[in-house]
Amino acid sequence: MPVYGRNKFYWYKDSLSEVDEDPPIVSTYYDGLDTTRLTKVLFIATRRLDDDANQKNLQGRLTIDGVITSVANKEHNDNTWYYWYLDQDAETLRVTTSIYHPNYYSAIEGRSIKFDAQQVDAPGANAEFDIRVQYETWRPT
Amino acid sequence: MSVQINPTLEMKPIAYIDQADPTLDKYYSVATVALGEVFALTLEQTNDETDNKDIEILVTIDGTEYSGRIVAGVSGLTYFAYRSPIEDALILTTAVRNAGYAVPIRGHVITVEAAIHTVNGTNQVLECDVQYGEVPTGTYWWYKHYPTAVLNQDPPVSLTLYDIFDGLVDARLIFVIARQINDEAAAKVLELTTTIDGEAALGTTATFNNNTWRYWTRDPTRDGRSLAHDTAYNFFYYYAFDFHLGTIQLAMTSAIGTNQQLDGRAVYELYEEVS
Numbered sequence: 005m006p007v008y009g010r011n012k013f014y015w016y017k018d019s020l021s022e023v024d025e026d027p028p029i030v031s032t033y034y035d036g037l038d039t040t041r042l043t044k045v046l047f048i049a050t051r052r053l054d055d056d057a058n059q060k061n062l063q064g065r066l067t068i069d070g071v072i073t074s075v076a077n078k079e080h081n082d083n084t085w086y087y088w089y090l091d092q093d094a095e096t097l098r099v100t101t102s103i104y105h106p107n108y109y110s111a112i113e114g115r116s117i118k119f120d121a122q123q124v125d126a127p128g129a130n131a132e133f134d135i136r137v138q139y140e141t142w143r144p145t
Numbered sequence: 690m691s692v693q694i695n696p697t698l699e700m701k702p703i704a705y706i707d708q709a710d711p712t713l714d715k716y717y718s719v720a721t722v723a724l725g726e727v728f729a730l731t732l733e734q735t736n737d738e739t740d741n742k743d744i745e746i747l748v749t750i751d752g753t754e755y756s757g758r759i760v761a762g763v764s765g766l767t768y769f770a771y772r773s774p775i776e777d778a779l780i781l782t783t784a785v786r787n788a789g790y791a792v793p794i795r796g797h798v799i800t801v802e803a804a805i806h807t808v809n810g811t812n813q814v815l816e817c818d819v820q821y822g823e824v825p826t827g828t829y830w831w832y833k834h835y836p837t838a839v840l841n842q843d844p845p846v847s848l849t850l851y852d853i854f855d856g857l858v859d860a861r862l863i864f865v866i867a868r869q870i871n872d873e874a875a876a877k878v879l880e881l882t883t884t885i886d887g888e889a890a891l892g893t894t895a896t897f898n899n900n901t902w903r904y905w906t907r908d909p910t911r912d913g914r915s916l917a918h919d920t921a922y923n924f925f926y927y928y929a930f931d932f933h934l935g936t937i938q939l940a941m942t943s944a945i946g947t948n949q950q951l952d953g954r955a956v957y958e959l960y961e962e963v964s
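Line order of the protein sequences matches chains A and B.
The opening position of the first sequence corresponds to residue 5 in the working numbering, with each subsequent residue numbered one higher.
The opening position of the second sequence corresponds to residue 690 in the working numbering, with each subsequent residue numbered one higher.
Honestly, the hints are just simulated from the structure, not real lab data.
Each residue gets a CB set at the ideal place from its N, CA and C atoms; glycine is no exception.
Accuracy of the hints is not assured; some may be wrong.
Computed spacing ranges between beta-carbons, pair by pair [to be verified]: (1) GLY856(B) with THR100(A): 32 to 38 Å; (2) GLY752(B) with ARG115(A): 34 to 40 Å; (3) ALA57(A) with THR826(B): 58 to 64 Å; (4) VAL963(B) with ASN130(A): 53 to 59 Å; (5) GLU754(B) with ASN130(A): 58 to 64 Å; (6) GLY70(A) with VAL858(B): 30 to 36 Å; (7) THR84(A) with ASN695(B): 32 to 38 Å; (8) ARG98(A) with GLY887(B): 31 to 37 Å; (9) ARG115(A) with LYS715(B): 45 to 51 Å; (10) ASP886(B) with THR100(A): 26 to 32 Å; (11) ALA57(A) with ASN898(B): 50 to 56 Å; (12) ASN130(A) with PRO844(B): 48 to 54 Å; (13) ASP710(B) with THR101(A): 54 to 60 Å; (14) VAL71(A) with THR712(B): 43 to 49 Å.
One chain only, chain A, in its complex shape:
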């Protein structure tokens, strides 16, 4: 039952969640975000690079309220940020290199939200794997 009580809650801007895995281990999931309170995710971004400078496959996984909502794979160009968002059906995770854009601004909300990602293809030499998640949490003021 929803409660709209007199105790005031509001969104707090949390520090940017950062993963800088250098080098990443192939087929190992890294947590970009894992919250246990009401959370609003604004942006999820991933990037990988190595000396090969070839495309490499990354897999991302979004879990909302304990349920894996969507899993998606995306070939990542070298040293390029990719942005993850929920498609209009709100269940399909999409990935784009388009410059950030509100059409890709999903405002994903849940009582707990987890995003993790793994590099599917083996990384080359001097590999780096980055995740950035901007989010807010609903807390008592």
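Dock chain B against chain A, hints included.
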């Protein structure tokens, strides 16, 4: 223990008028929204001669009036209204409404009125539609509208930070924009600095051409507080930016020009107790 949730808007039936033979300069009430959000506003007039008419939509949000008026409103053409990020006004456009125009209009009390300011044609009709939602009864907290925060620093001192706003509490930031003007019409570098929920962000600098508004937007790969900028005035760069406590400051890092002006604007709402 119950969990207090974020109030959720409930969509309401569209409020509208199709006013035949409207009285000149009379403002017709279209909707009164209590504790809610207006999603879309449209305005249209028709007459048998298909003459253009001067029509207006007037939105009052928690006491602040926003007027959108078009002097030569084409008969039979639907105009969409959305908020201007620069001034307390509405912009009317014939562009098809899309996500880019989904700038929220929230408040404790929102009223929408429509008027015609030209003598009627034959079978004159004035139409206005309002799509909106309201939060459920029993909600104690909701977004309240405040007039745009204004910084007009004339002249500024180089490398000195000026507040666009200071210490906003439980806020939703909608737009931050800036501009500089000088007699030499020279481009200048401005810096935006934010302190939000206890974290101070390094300033983001950008070159501003003379007398050109620029928009500061989120950078999705950084901390969200180091705002990026964009040259285009564009609603695609609207992102809800919520925080518990925040300050935004603007500085000019270039040398000051003749009759130098430094302007900043912030459009925001505060989450406040319902009276």
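The hints, checked one at a time:
1. GLY856(B) with THR100(A): 32 to 38 Å: holds, 37 Å
2. GLY752(B) with ARG115(A): 34 to 40 Å: Holds, at about 36 Å.
3. ALA57(A) with THR826(B): 58 to 64 Å: Because 59 Å falls inside the window, the suggested range holds.
4. VAL963(B) with ASN130(A): 53 to 59 Å: 57 Å Cβ-Cβ, so the 53 to 59 Å window holds.
5. GLU754(B) with ASN130(A): 58 to 64 Å: 60 Å Cβ-Cβ, so the 58 to 64 Å window holds.
6. GLY70(A) with VAL858(B): 30 to 36 Å: Hint holds: Cβ distance 33 Å, inside 30 to 36 Å.
7. THR84(A) with ASN695(B): 32 to 38 Å: Since THR84(A) and ASN695(B) have Cβ atoms about 34 Å apart, the given range 32 to 38 Å holds.
8. ARG98(A) with GLY887(B): 31 to 37 Å: Between ARG98(A) and GLY887(B), where Cβ atoms are some 33 Å apart, the hint holds.
9. ARG115(A) with LYS715(B): 45 to 51 Å: holds, 50 Å
10. ASP886(B) with THR100(A): 26 to 32 Å: holds, 29 Å
11. ALA57(A) with ASN898(B): 50 to 56 Å: Since the Cβ atoms of ALA57(A) and ASN898(B) sit about 37 Å apart, the hinted range of 50 to 56 Å is violated.
12. ASN130(A) with PRO844(B): 48 to 54 Å: holds, 50 Å
13. ASP710(B) with THR101(A): 54 to 60 Å: holds, 55 Å
14. VAL71(A) with THR712(B): 43 to 49 Å: At 57 Å between Cβs, range violated.
Of the numbered hints listed earlier, those contradicted by the structure are 11, 14.
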